Amino acid sequence: MAVRAARWRWSRVAWQRLILTLLWLGHGVWVFLGPAPGRHWARVADTLSRPSQSLASRWDAWRTSRRESRRSLAETRAENARLTAELDRVKTQAAQEAPRLEEADVAVRLLGLKKQIPLSLTAARVIFSTRPATFGGLILDRGADLALVPDQGVIVPEGIVGRLWSVGPSQAKVLPADAPNASVAVMLMRSRATGVLQGLGSGRALIRYLSNQEVVQVGEAVLTSGLDRVFPRGLLVGYVAEVAQGDLELHVIVHLSAPLDRVSAVLLLPFQPPLEAQVPFVAPEQKPQRKRGAP
Amino acid sequence: MRNQELSPIRQNLYCATGLGLIFLAAPFPQVQLVLHAILVLALAPRPGSPLSGALWGLAAGWSLEGSLRVYPHLGGTPWADLTLVLFAGWLASRWPLEGLKGWMARLAALIVLQVLLVHGAVSLAAGPHPWGWGGLWVLLSLPLWAWPTWRLLHVHPGSGRR
Chain A
9 MAVRAARWRW
19 SRVAWQRLIL
29 TLLWLGHGVW
39 VFLGPAPGRH
49 WARVADTLSR
59 PSQSLASRWD
69 AWRTSRRESR
79 RSLAETRAEN
89 ARLTAELDRV
99 KTQAAQEAPR
109 LEEADVAVRL
119 LGLKKQIPLS
129 LTAARVIFST
139 RPATFGGLIL
149 DRGADLALVP
159 DQGVIVPEGI
169 VGRLWSVGPS
179 QAKVLPADAP
189 NASVAVMLMR
199 SRATGVLQGL
209 GSGRALIRYL
219 SNQEVVQVGE
229 AVLTSGLDRV
239 FPRGLLVGYV
249 AEVAQGDLEL
259 HVIVHLSAPL
269 DRVSAVLLLP
279 FQPPLEAQVP
289 FVAPEQKPQR
299 KRGAP
Chain X
13 MRNQELSPIR
23 QNLYCATGLG
33 LIFLAAPFPQ
43 VQLVLHAILV
53 LALAPRPGSP
63 LSGALWGLAA
73 GWSLEGSLRV
83 YPHLGGTPWA
93 DLTLVLFAGW
103 LASRWPLEGL
113 KGWMARLAAL
123 IVLQVLLVHG
133 AVSLAAGPHP
143 WGWGGLWVLL
153 SLPLWAWPTW
163 RLLHVHPGSG
173 RR
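One line per chain: the protein sequences are A and X, in this order.
Each residue of the first sequence is one higher than the last, beginning at 9 in our numbering.
Each residue of the second sequence is one higher than the last, beginning at 13 in our numbering.
Excised from the complex, chain X in its bound form (with noise of 0.2 Å):
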């Protein structure tokens, strides 16, 4: 059986939700980070219906540059989040999702790549920087937001799911 589709306005909140979040958490940025990947990773990818998720993406990626206020040159950021955000989006439609164990796995992937893509697209765009332990906080809390997004995104009413 075939999952059903979030609806694109709940969707649309809860990025809105994400996006906000990450302008509140702007004075912690290990917070703000997990955040970033949350919205980046989870909440904005949608299978059959990019654009939304990749200005979604975008607009995370400024945020957390713009509030970071560090590079001498941004748009590294957005750029990687553009880009995972469509690569997420296909991986959800190629490959739909069947447990919680998968959505932590495919997490996790992501999570490792978007650090090395955004640390790429900052280091392409700003220059060389340190390499700090973003990612893996990011990763260490992966169990923490995994299940609530996985009750948010994949476990609504008509979706089968409990």
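Isolated chain A (complex conformation) (with noise of 0.2 Å):
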């Protein structure tokens, strides 16, 4: 049996159903674009992209913080970089101006000392001390060219220093008021008692010749009594520390108010100045302590 192949054709039927499909299809299509036929395509593709999108910008905010953290950093570390050089070289400049702002000071102030004593001084500069030495004293870069002669009062705006004890063609040794062999002529500011300052060392002096009957109160200031022709009376020389009754005197520690050991420049005083010389710079009286006759 012979078979013939039949030929496919569509039925009417399934030509209006084709073309309903398309009717309905494309009015569908038609009205899901809409006015703005990208909208629905940029709203699922904006869906989509949410997460990626999220994640770029919290990248791209990292990114941003770490840059501007490097940056910062960089910045504060050329700026600690640079601080540090300019305080490396203040330090360095007050370092090297220091010793001139300090004799600048000691400059300054012996000046003004000078200007209150109305005598005739001379400074000097203190070139080498050999105070830690036996019987050691401080010396002077003047001598016998400033006709400076031995026994002229030494004395800085804190007190007295002590006297010349020799003198050299441009040198001059001083004898510290301290010293075991050094004697000064002191009275006290209160009672006006007068005696004899001599040197324990270590800028401690005791005074000698005081009776047993004298009022001295620890803390009482001590000055120059004159009377050795060394000093003008009333020159601060220190103040008392220790006050012990003895045999036939009393013992009166005074401690010297002159920083021996840092004295850079003094002043002379002429050689056997007038007794009285109005001294301006008595010291301020500090709270005595009671210790024995008084009231």
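Watch out, some of these pointers could steer you wrong.
Rough simulated footprint, nothing fancy, chain A against chain X, three-plus residues with beta-carbon under 8 Å [what the hints assert, rightly or not]:
1) 63-70
2) 88-102
3) 137-145
A partial selection of chain X residues facing chain A, derived with a Cβ cut-off under 8 Å [said to hold, decoys possible]:
4) Pro84
5) His85
6) Ala133
Note that these hints are calculated values from the structure, not bench results.
Here the structure is a predicted model, which is why all the values come from computation and not from measurement.
Where a beta carbon is used, it is the ideal one built from N, C-alpha and C, also for glycine.
Take the two lone chains and join them into the complex the hints point to.
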């Protein structure tokens, strides 16, 4: 039996269904697209890309923050280095200027003292100190070239230093007031009782020849009496540190007010100055501590 | 006894008349909505011959939207009408009508479905828009035009109905 292939054709109903399907789908697509056909795809794409956009935004923010942090760190380091260099420079400059400032300060104070004392004072610089040695003293940079002679009084703004012990051609040696072989005529500020100050070393001295009947208070100022013709009356020597009653006299220990170990410049009084010199710098009286003989 | 089918010529004449009335009622949108519903839900559906009904439904939808000139993008109402005509034709072929009450109930259900579908399609095509009272007027006017359309479409010589 011969088999003949039948010709394939669409029926009328199939054509109607196809047309209806196309009409329905065409209108549906037309309706779905709406006035802005791309808005649906844009919405879908926006929804799908939202996680990646958020991630990218965070990644960009993190990179920006990291870049800013690195820049800030670099700037801070540069600023730190610059400030460190500036600080080192200022420190070096201050260290270089310190001796000059100290010297200038001392000079100013000596100048002020020189203006206040109505005597012909001579300034000199301490170039060496032999105080740690036995019977040591201070070496000045002036000597006979400035017509200095032994037994001239040496003072600083804080008080007396001592007297010239020996004078060389261009140098002079100062015997400090706390040397064991040094003596200064002194008087107590309140009682005006006089005595002789003898050195004990280390900035301390002992007042001799004070009667047991005298009333001495710890902290009382001790002034020069002028009787030794080395210092005029009224220069500050120190303050009473201890008072002890002896058999015949009081033992009064005095702390010298002048910093003998740190003196760098001094003023030299004229040889045998007048007894009375209007010395203005009487040290402020400290609060006395009653020891004995007080009412 | 199965009802005798209405002749296609007569049905097409009815649909053409309805379409003309839609154009003529353009100054009265509420009346136009009622005529549109009559054409789409009652006159156009035809069991066994969906293509002509679909074309009449599309014509009714395009006519209505074209005369309203309200939406920025047309096409929502014709698509909804096409869908409803096909659905109503399938209903008519699947469950043939036996009386006026069933006809009215089916029309009421189709009206509700038409309101929802038209508004959804228009929203999809033209964007958000306010829901008017047109669906309600169509539903309220159903007793007025259900009986005439029943008489026109299903009671004719040879149909066995009175």
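Right, here's what the structure says about each hint:
no.: 1; hint: 63-70; verdict: holds (count 3)
no.: 2; hint: 88-102; verdict: holds (count 6)
no.: 3; hint: 137-145; verdict: holds (count 3)
no.: 4; hint: Pro84; verdict: holds, 5 Å
no.: 5; hint: His85; verdict: holds, 4 Å
no.: 6; hint: Ala133; verdict: holds, 5 Å
When held up to the earlier numbered hints, the structure conflicts with none and fits them all.
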